[in-house]
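Engineer: Protein sequence lines, in the order shown, are assigned to chains A and B. For the first sequence, counting from 1, position 491 maps to 491 in the numbering used here; every step adds exactly one. In the numbering used here, each number is its position in the second sequence, counted from 1, plus 1000.
Some chain A residues near chain B, calculated using beta-carbon distances under 7 Å:
| hint | residue |
| --- | --- |
| 1 | Lys67 |
| 2 | Tyr355 |
| 3 | Pro457 |
| 4 | Leu461 |
| 5 | Glu519 |
| 6 | Lys634 |
| 7 | Glu699 |
| 8 | Gly709 |
| 9 | Lys713 |
Below, a list of computed lysine to aspartate or glutamate pairs in the EDC-like style, where the Cα atoms sit at most 16 Å apart:
| hint | chain 1 | residue 1 | chain 2 | residue 2 |
| --- | --- | --- | --- | --- |
| 10 | A | Lys366 | B | Glu1529 |
| 11 | B | Lys1287 | B | Asp1387 |
| 12 | A | Lys645 | B | Asp1451 |
| 13 | A | Lys713 | B | Asp1697 |
| 14 | A | Lys713 | B | Glu1703 |
| 15 | B | Lys1696 | A | Glu703 |
| 16 | B | Lys1645 | A | Asp19 |
| 17 | A | Lys598 | B | Glu1703 |
| 18 | B | Lys1601 | B | Glu1026 |
| 19 | B | Lys1696 | A | Asp697 |
| 20 | B | Lys1713 | A | Glu703 |
| 21 | B | Lys1634 | A | Asp19 |
| 22 | A | Lys696 | B | Asp1697 |
| 23 | B | Lys1634 | A | Glu62 |
| 24 | A | Lys382 | A | Asp250 |
| 25 | B | Lys1645 | A | Asp451 |
| 26 | B | Lys1565 | B | Asp1491 |
| 27 | B | Lys1713 | A | Asp697 |
| 28 | A | Lys645 | B | Asp1019 |
| 29 | A | Lys634 | B | Asp1019 |
| 30 | B | Lys1598 | A | Glu703 |
| 31 | A | Lys696 | B | Glu1703 |
| 32 | B | Lys1366 | A | Glu529 |
| 33 | A | Lys246 | A | Glu200 |
Now the in silico label distances, taken between C-beta atoms and shown as ranges:
| hint | chain 1 | residue 1 | chain 2 | residue 2 | range |
| --- | --- | --- | --- | --- | --- |
| 34 | A | Asn68 | B | Pro1399 | 26 to 36 Å |
| 35 | A | Gly325 | B | Val1129 | 28 to 38 Å |
| 36 | A | Ile591 | B | Pro1399 | 50 to 60 Å |
| 37 | B | Asp1290 | A | Ser71 | 43 to 53 Å |
| 38 | A | Tyr136 | B | Glu1288 | 54 to 64 Å |
| 39 | A | Arg721 | B | Lys1064 | 54 to 64 Å |
| 40 | A | Asp600 | B | Lys1489 | 47 to 57 Å |
Read the hints as simulated data drawn from the structure, not as lab findings. A virtual CB, placed ideally from N, CA and C, is assigned to each residue, including glycine.
Protein chains: 2
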Amino acid sequence: MYPSGILQYIPFFYIIWSDNLVTASELNVIQSAINIDESLSSEEKKQLQSWLNPKQPPANNELKLWKNIVSNSGVKLIETETYPLTSFSQKVVCEYFEMCPFNDSLKHIEINLGIQPNHYNHLFDVEVVHEITSNYYDANEIDTILKGNNATVVDAFREVIKDDIFKWDIHRNKEEFREVVLHQTKFLAQKGYGALAYPEAYGGAGDMEGYAHMFENMMFVDGSLTIKFGVQVGLFGGSIQKLGTKKHHDQYLSDAGDASLLGCFAMTETGHGSNVRGVKTTATYNKETDSIVIHTPGKNDNKEYIGNALHSTMASVFAQLIVNGKNEGVHAVLVPLRDSNHELFNGIKVEDNGYKLGLNGVDNGKIWFNQVSVPRENLLNKYGTIDDDGSYHSDIKNPSKRFFTMLGTLVGGRICVARAGLGGAKMALTVAIKHALKRRQFNDSIKIQEDLLMDYPSHQLRLTPLVASAYVYHVTLDKMMTDYCDESKPDKRVVETQVAGLKSIITWYANDTIQECREACGGKGYLIENRIADLKGDVDIFTTFEGDNTVLLLLAAKGVLSDFKAEFNSAGFSSVLKLIGSQLSDKLTTINPIYSNKVDKEHLYNPKFHAHALDYRTRRLTYTLAMRIRGYIKKGMPSYQAFMKVQTHLLALGKAYAAELAYLTYADFVSEMPEGKNKILFEQLGTLHALSEIRKDAEWYLEQGYIGGVKSKAIRQRVERLCTELRPHIEVLVDGFGIPASCLSAPIAKS
Amino acid sequence: MYPSGILQYIPFFYIIWSDNLVTASELNVIQSAINIDESLSSEEKKQLQSWLNPKQPPANNELKLWKNIVSNSGVKLIETETYPLTSFSQKVVCEYFEMCPFNDSLKHIEINLGIQPNHYNHLFDVEVVHEITSNYYDANEIDTILKGNNATVVDAFREVIKDDIFKWDIHRNKEEFREVVLHQTKFLAQKGYGALAYPEAYGGAGDMEGYAHMFENMMFVDGSLTIKFGVQVGLFGGSIQKLGTKKHHDQYLSDAGDASLLGCFAMTETGHGSNVRGVKTTATYNKETDSIVIHTPGKNDNKEYIGNALHSTMASVFAQLIVNGKNEGVHAVLVPLRDSNHELFNGIKVEDNGYKLGLNGVDNGKIWFNQVSVPRENLLNKYGTIDDDGSYHSDIKNPSKRFFTMLGTLVGGRICVARAGLGGAKMALTVAIKHALKRRQFNDSIKIQEDLLMDYPSHQLRLTPLVASAYVYHVTLDKMMTDYCDESKPDKRVVETQVAGLKSIITWYANDTIQECREACGGKGYLIENRIADLKGDVDIFTTFEGDNTVLLLLAAKGVLSDFKAEFNSAGFSSVLKLIGSQLSDKLTTINPIYSNKVDKEHLYNPKFHAHALDYRTRRLTYTLAMRIRGYIKKGMPSYQAFMKVQTHLLALGKAYAAELAYLTYADFVSEMPEGKNKILFEQLGTLHALSEIRKDAEWYLEQGYIGGVKSKAIRQRVERLCTELRPHIEVLVDGFGIPASCLSAPIAKS
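Chain A extracted, bound-state conformation (with noise of 0.2 Å):
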């Protein structure tokens, strides 16, 4: 038997050396530890020292021989002691030598390796005493932490939702299913939510990051809500509030706020989605009877898949403006649909979408015009207005450049859906984590307990790093609507380029997110009463509307290109092109091959080898970009042509941008943080997060040289010990979101 010094250290070292836990430069904190322990002779310490050799490691048969001495003591491993390591190795002397020193040396090299009991529990052959989730940190705390600035809405808006008119249940019938979320809709909107982002004359209270952070909780209750409510106020309100003058403010914001007024946004059309610029509905001036005649040209070009189309009494209508003859572009007008007895008016056709795969509580439906006459005045008349002597007239010269600038002021909504993406996906992580806390499948016998999901390598790898993803995105997107509703900055092309990319990558996220949660829950995940199988329907279309994310990533990609100076939304390219062709300048230095195979924890967790990668990759796609487009011109290629020929390269681009902003604006969240234990378990968050998007990139990085193949598998590897690291407090993190618990109707989520 070996002295009790030395005896201290073997669970530590059967620990490090059985299941290379730690890597070569980690052993220096040991080797540190051991010098200054004064409990140990210098036999002791040089005994110890000759076992943290990485070239020599311990023989087999010494691992074997500890192991047996550890089994043999008899202890206990018990998980939730604030040292478990050490106060075991304590209990292990005890058994053996009937002294217990609790050796600091000890707690240190246990604090700074970072190791927990899931990372060595199963190595040794004792009794476990388990705990399911840690209490280390509070989840309270963590709520607070993303709420923000945005605490009270977001509580008293928790509160309102406990109403039982949200309790969640099964709608088949989508004119039951409209009718109660109808009915939710002006719930809500009667407690002032509605009108929450319009100004207070008009019952608000110009709270747009108060009502970002309210239509993410809204998703907690049901995704048709949340997409009808988001129609009502956000897009038709939105209309009136962004695109109309006072007299339209005066006249309908506070009744669109309030949902007295319904209303929906009539903009795509069957033969034009994401092409909104072509819209073909005709809104022609006649001057003789000094109104607007909006009309349906052809049979494709009626509008399409509009929500709130049959509850509507009036519609904000997106169509071409013609005055004396002439054609000003897409400009919006207010035309009134039903009379007081929900009567449609003249000229007006309204045609039920029908069953969609989610969303059937919205009620969408196609509508077309018949030389439908409305008075001149509702014309959305901020950015061009047709004057009293009938002609037209904007402040805004360029038609194209008025038009962005119309577009322009539904970024906002952009931001919504994201968040909208988010709060779903939030939600059935929540789901499928607390039921991977509960449900147990196999074990090494059918004689003792079965192992929980929560605690397979597999299924923490499937669901951890999605996790931190939800908190990078919720800090971002914050960020965004800062930005948005920052009137020092009236120039936003910066952001709509950057809420393009984002909208993207967080609703792709969202359907990732969801569908892995499905499934991590099996078949329970499958039933309609555990809700993430109504999510996978809803949050579908997300990637869809409100700008296609394929159109979105490609637009984006052209605002980096012009380093955004290009109007965004634009079809032509001249900026861009004028752009490459005067700073084409590759500013990236060499990556040297040590730094490219650096493969040490404390390089691999620093957020500005984070940082440093996610610029490279944007900076080098921008630069091959600019040098194919160059190229293709040079040889007098269209620049249509041009485009297209690099659209896959373009849409790398715009994902590779959004993935860089995302990460950036979340370490500038953290870094200023308090000093604490969340702020370091927000590093952690984002280094998880930093590191597996680096991996879904892994081939483009060591296709550049950028790392090397030790580096991309030790990258591989901190993923997977990052998630076994946070496993202990997987439950405080999805508790952290928030979600009221009378949202928490899944049967599989209640404990």
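For this one, chain A is given, so just place chain B on it according to the hints.
Structural biologist: Same frame as chain A, but now just chain B:
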């Protein structure tokens, strides 16, 4: 102006250099064509050769000049011509010289480079006479190849499903939907399709391969029908066929096949899904009454998610068989559930599982048994019986082996699930591609016609590899069923492992494909009427039922590790460990740097390269996995824990093995095809699939040094290029799936 000899080459040279369409190695083709071109003087040859130096490409000004010559000719490019580029060149010469020689050397270049109009039509500023689809291939011929030996069954079945009762409709109410599906199931069963795989003596044709094809085709009608039908005849009937003996066959099999006896397959329990061996339901033999008592011991031990539970009059119940106080392991027992008035018998409780994400036409339910007594004869006793003297007897002494033999009989069902997933993917691809060949969106100007979605490179890239994979998996699943049915090979351990892996990757492929198609159709894909939404909901659960994909991949990996000597489904690791201990040797040769950077077309398109790459991955993963496990075991880690530690590695191996198997099976099939254009097409599809698969794991290949950065990029470019090459044939490729027009009810799929 150039002399006519040179001029005829100008369109070719412009294309070659303006778009980097050919690699250096392909320039040889042109060089030799020029050398043998008798229409050229040696001076002209010299001039042309000077433009073929990859190190000194023609200057940009030269290219612009060429382009102007071509544009100013005013010649139209007509895509439908047999040699469109050669004809075009000839006509350009005509315009300038009024002589039109047809030059075989040019034709030779055009064929050998494999360039086609959609590679270059955007390079000219000339009018292009487009073709939406090419008729070079014949969809019926392709369909015939895919049907193989099963044409008679498939053709007859496709006629049957034209009946009005299979007309697609929306069913939101589950009770109503279930009635429709029940009616359809009986209709098909009564036409003999239920017994198709049963012996002739019981109304069948012993045609399991035909059954699998028919099963896939059923997905074109509806997912719920497919699954309910499979439960009735494949699971319930199949358990009688495979686990029962002649008395059971005589009494029940014909009735199961024609659905006059409705039954269910009660295996899964709420507490035990994937771990079937641990089911809690007991079947206790009572010697006094010579009967077996079925009992549900605890509240979560009920049978769960049982398809057909509400319509059935009988269940095949899996329970722990206890004879004389001894547990003989899991066996199946036939238990009557309801009387002739469809009233439940005493002691039986059935509860509806309620609404699900999809498959709402299937009546899934929970079943509890409270001391329900059935005669001893009801034990399905092929592998274990209770003799007249009340003692248990089985020819398979090892209880574990007995259990796995029973489960092994269910492998046919797993193949059918993969086939059904494949059918769903084919359906979604057909809808999405037909839509993309109609729908136009954007262009360089709003004045001229917008582009077809299918002509966008990103759209080609998102859909074409999925079409190629459908062909590969179709052929692979055919082969699996042939092997499974091959009675000359009674040991099914290999095929069990193979099917476990393939079921996983194919059902995941199906889900990914359907999702991609949904997004590719935008909002239209979200409407139930366009079918993709239902496919998405229905196929989703295929990743979970008939064996959860993750669990199956772990089993497959264990099979590979043990060289297929382990009992499939076994929880133990002994045979794996035995093999790891004995035969660990990595037979892989080091990769030659020339090989890892070989990027010429001949190499990248060579099936030997694809096979080598996929095989390298499987073998390397096997070796490293074995090394890791052995390392853990040597240090004394319990084997169960060692396998836990390598779980994500096991999953990677399971997938890699299945991916290799699928490609090799397909490549074998293609190599046996008669020479001709269809063989070339199938080779192209195989190449696209293989390169896409290698792309998916590019980061791993790069890490290993198996491919270098240059090769990785070349593979990506080849994937994009192949998608473009297949563009003219994409409609024929989906028509080749043979989906009957009556099933293509989606409005967006109609022309």
